[in-house]
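Let's have the full structure, built from the sequences with the hints guiding it.
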Amino acid sequence: MSGLSIQNLSMRFDLPNGGSVQALKDVSLDLAQGELLSVLGPSGCGKTTLLNIVAGFLAPTEGKIILNGHEVRGPAAERGMVFQQGALFEWMNVRDNVSFGPRMAGQRERDYGATVDHLLEVVGLRDFKEKAVYELSGGMQQRVALARCLANDPDVILMDEPLGALDALTREKMQSLVLKLWKETGKTIILITHSVEEALLLGERLLVMAPRPGRIHREYRLPFADLGAGQDLRAVKKHPDFATTREEILGMIWDMEEEIMGRSEAAGGA
Amino acid sequence: MIVFALYIAIFVVSWLLVKLLVHRALNDFTARKTVTFGDESAVRPSRIASVVSILTIFLLWGAFTGSTWVPKFLHAPGPFVGDASFTYTAEAEGVAPDDATVTVRVFPVGEETEDPQVDPGEGWAKNDAASVGAWRSGLVRVDKNDEYGRDQGHTIVAVNGTPIAPGGEVMTDYGRVGMSPKGTLNFEPAKGWQMEPIWLPAPEAVLARLVEISRDGYRDSTLWEHLGWSLFRVIAGFFFGALIGIPLGYAMGLSDWFRGWFDPIVEFMRPVPPLALIPLVIIWAGIGETGKIILLFLAALWIMAIAARSGVSGVKISKVHAAYSLGASKVQILRHVIIPNSLPDIFTGARVAMGVCWGTVVAAELVAAEKGAGMMIMVASKFQLTDIVIMGIILIGVIGFGIDMLMRLAERKLVPWKGRG
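As you go down the protein sequences, you meet chains A and B in turn. If you're matching positions, the first sequence starts at 1 in the working numbering and goes up one per residue. If you're matching positions, the second sequence starts at 1 in the working numbering and goes up one per residue.
If you are wondering where the hints come from, they were derived from the structure by calculation, not from laboratory data. Please note that a few of the clues may not be correct.
Here are the simulated BS3-like pairs of lysine-lysine, each with C-alpha atoms no more than 30 Å apart in a straight line [claimed, not checked]:
#1 A:25 - B:316
#2 A:187 - B:330
#3 A:131 - A:183
#4 A:64 - A:183
#5 A:129 - A:183
#6 B:413 - A:129
#7 A:187 - A:131
#8 A:131 - B:413
#9 A:131 - B:418
#10 B:316 - A:131
#11 A:131 - A:173
#12 A:183 - A:238
#13 A:64 - B:316
#14 B:330 - A:64
What follows is the structure in structure tokens.
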């Protein structure tokens with residue numbers, strides 16, 4: 001059985017003052033091989049916790065994760081992760097960052113060399129491979145992070161707001177790149193984002209999560225990722241359904257935020 | 001006080017002069033930035049000020065020591081040297097008061113000299129001759145050659161016509177003439193404003209001493225041996241301190257048990273000044289090399305342990321997570337993520353540790369040593385060889401500065417990613 005299955009996942013953090021926070025409650029989800037899922041939600045809805053559990057950095061209180069028929073325990077190379085920023089190794093040059101995974105697996109230069117160079121070419125960093133990563137712009141650094149993840153050939157790629165720190169123009173270019181890489185490699189991708197537009201553009205499936213406790217609020221299946229792959233993303237944004245879905249989701253998140261505000265105000269008033 | 005006032009005056013005057021004469025390129029970005037007063041990042045050290053500052057120190061040093069490096073007209077008034085004279089009026093029983101002249105030859109200390117030849121002159125009080133070193137003072141027994149001695153009630157009542165009594169004094173053009181309680185004259189030639197070489201030698205004297213000692217050595221060792229031994233102790237102590245301290249810091253950064261076990265020790269030992277350990281180390285290990293290296297080891301150990309610990313705790317969790325999700329094992333994460341990530345902190349610690357070790361070794365050598373920079377200046381100070389003391393202080397400063405520069409250079413070369421994470 002191939003694909004990623006998240007089964008009845010719950011996560012509770014105990015606080016030092018005796019209370020506890022229910023970060024996730026009974027989250028279940030099945031992803032087929034090659035699906036691209038984007039996850040949206042107001043802050044505190046547990047989306048990063050969900051990603052960290054899938055990555056294996058956190059052990060869930062209840063539930064389990066099955067990847068290709070095996071239960072996930074701890075981090076492993078089959079689940080690559082792309083972070084928002086600051087996760088590159090600045091003591092290595094671009095190429096050494098990208099070849100980190102294969103090198104740790106004990107591969108030789110002749111085994112991984114061609115793949116790494118090809119990936120650097122794909123992300124447009126061929127001329128920068130000897131540069132130190134801190135000499136690159138934010139967008140280029142995220143390209144390195146993407147290439148580094150792909151060089152390890154994971155089954156699932158987890159992206160934690162990978163484009164969140166980039167400026168609007170760079171972000172748009174990177175969105176195209178992510179779509180292109182998804183189409184070319186056929187990887188299963190889970191992408192967490194704050195931007196509704198990005199979630200719509202990059203999500204074949206889109207999950208809206210609700211906070212307190214963190215749970216799945218609603219799921220969409222969207223055509224935009226397929227439409228966008230290989231063409232101008234601005235054309236996709238003109239699609240009539242795009243605007244309506246965006247408004248719908250924005251309204252949904254807005255209501256959740258309002259509810260949180262109201263609740264905390266009520267708590268404060270009482 | 002005068003020196004301080006002069007220093008401030010030079011500071012202000014040179015500032016104003018440079019302001020008037022040197023126009024900064026106004027299109028320079030930094031110059032534009034300084035429009036916003038209070039923007040610390042726009043403050044650059046003025047190179048001119050640095051040069052003037054150093055020149056001022058040497059100028060004042062030279063001017064107040066009568067250095068040949070400083071033009072004569074800039075010298076502070078020196079001590080009086082040459083033949084000074086004053087007259088005294090003496091009384092004795094049964095005769096009229098009589099005047100006589102005292103000629104005192106004031107000579108630079110260290111030179112051979114003779115009393116000046118004088119004509120005894122008329123009257124019962126005879127002219128006298130004496131010699132006194134510059135910056136010194138000397139008793140002048142003027143009654144010795146007079147016709148009436150103290151037995152006949154010889155008393156001096158005036159100097160240069162000014163009445164004087166035991167315990168009193170008269171200022172003359174050449175200096176102060178005082179009278180001891182027993183009535184003997186005491187001549188103290190004018191000292192001027194310059195420093196005596198035994199307090200502060202002229203810069204060229206220090207340089208000459210440096211040349212002499214680097215050629216002939218001092219206390220059975222060459223200058224290079226003295227400095228080399230100090231450096232060797234620092235490097236050996238630092239080496240062992242780093243050898244133990246860095247792994248200890250890593251262990252404290254990575255394990256609860258190690259952190260808990262060593263935290264009280266490290267936190268207690270860190271604020272103890274290494275100098276306070278000198279007596280104990282001497283009791284335990286004596287004043288030989290072992291004791292000094294143990295002391296420097298202890299000085300470096302805690303600094304390096306804390307630097308390594310903070311280097312480990314400073315690693316961004318996302319880097320560790322990234323390495324994990326790329327399939328790295330714990331050992332690989334330690335080797336490829338945690339250690340390189342901690343190197344900038346370790347280098348900072350190493351710079352601090354080297355500075356502390358250098359200070360500690362000099363202090364330890366001041367206390368007891370057979371060779372070393374600190375021993376050299378301590379022994380010299382006991383013989384009032386101020387030029388060697390000043391030379392030693394300058395050399396110690398230069399070496400300390402050199403060590404720091406080398407560490408910074410190494411840091412730039414070896415951990416160029418410092419502060420770029």
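So, going through the hints one by one against the coordinates:
1. Proximity of residue 25 of chain A to residue 316 of chain B is assessed by CA-CA distance (about 29 Å); at most 30 Å being required, the pair is judged to hold.
2. Distance restraint check for residue 187 of chain A and residue 330 of chain B: the Cα-Cα separation of roughly 27 Å lies within the 30 Å cut-off, and the hinted pair is therefore satisfied.
3. For the hint linking residue 131 of chain A to residue 183 of chain A, the alpha-carbon distance of about 28 Å falls within 30 Å, and the restraint holds.
4. At roughly 28 Å between alpha-carbon atoms, residue 64 of chain A and residue 183 of chain A fall within 30 Å of each other, so this suggested pair holds.
5. For the hint linking residue 129 of chain A to residue 183 of chain A, the alpha-carbon distance of about 24 Å falls within 30 Å, and the restraint holds.
6. Under the criterion of a C-alpha separation no larger than 30 Å, the hint pairing residue 413 of chain B with residue 129 of chain A is consistent with the structure, at around 20 Å.
7. Note on residue 187 of chain A and residue 131 of chain A: the hinted pairing holds, with a Cα-Cα distance of about 28 Å set against a maximum of 30 Å.
8. A distance of roughly 15 Å separates the Cα atoms of residue 131 of chain A and residue 413 of chain B; the hinted pair therefore holds under the 30 Å criterion.
9. Restraint check: the Cα-Cα separation between residue 131 of chain A and residue 418 of chain B comes to about 16 Å, which is no more than 30 Å; the hinted pair holds.
10. With a CA separation close to 22 Å, the supplied pair residue 316 of chain B and residue 131 of chain A stays within the 30 Å bound.
11. Proposed proximity of residue 131 of chain A and residue 173 of chain A is supported: the alpha carbons are some 22 Å apart, at most 30 Å.
12. Proposed proximity of residue 183 of chain A and residue 238 of chain A is supported: the alpha carbons are some 22 Å apart, at most 30 Å.
13. Note on residue 64 of chain A and residue 316 of chain B: the hinted pairing holds, with a Cα-Cα distance of about 27 Å set against a maximum of 30 Å.
14. Proposed proximity of residue 330 of chain B and residue 64 of chain A is supported: the alpha carbons are some 24 Å apart, at most 30 Å.
Of the hints listed earlier, there is not a single one the structure fails to meet.
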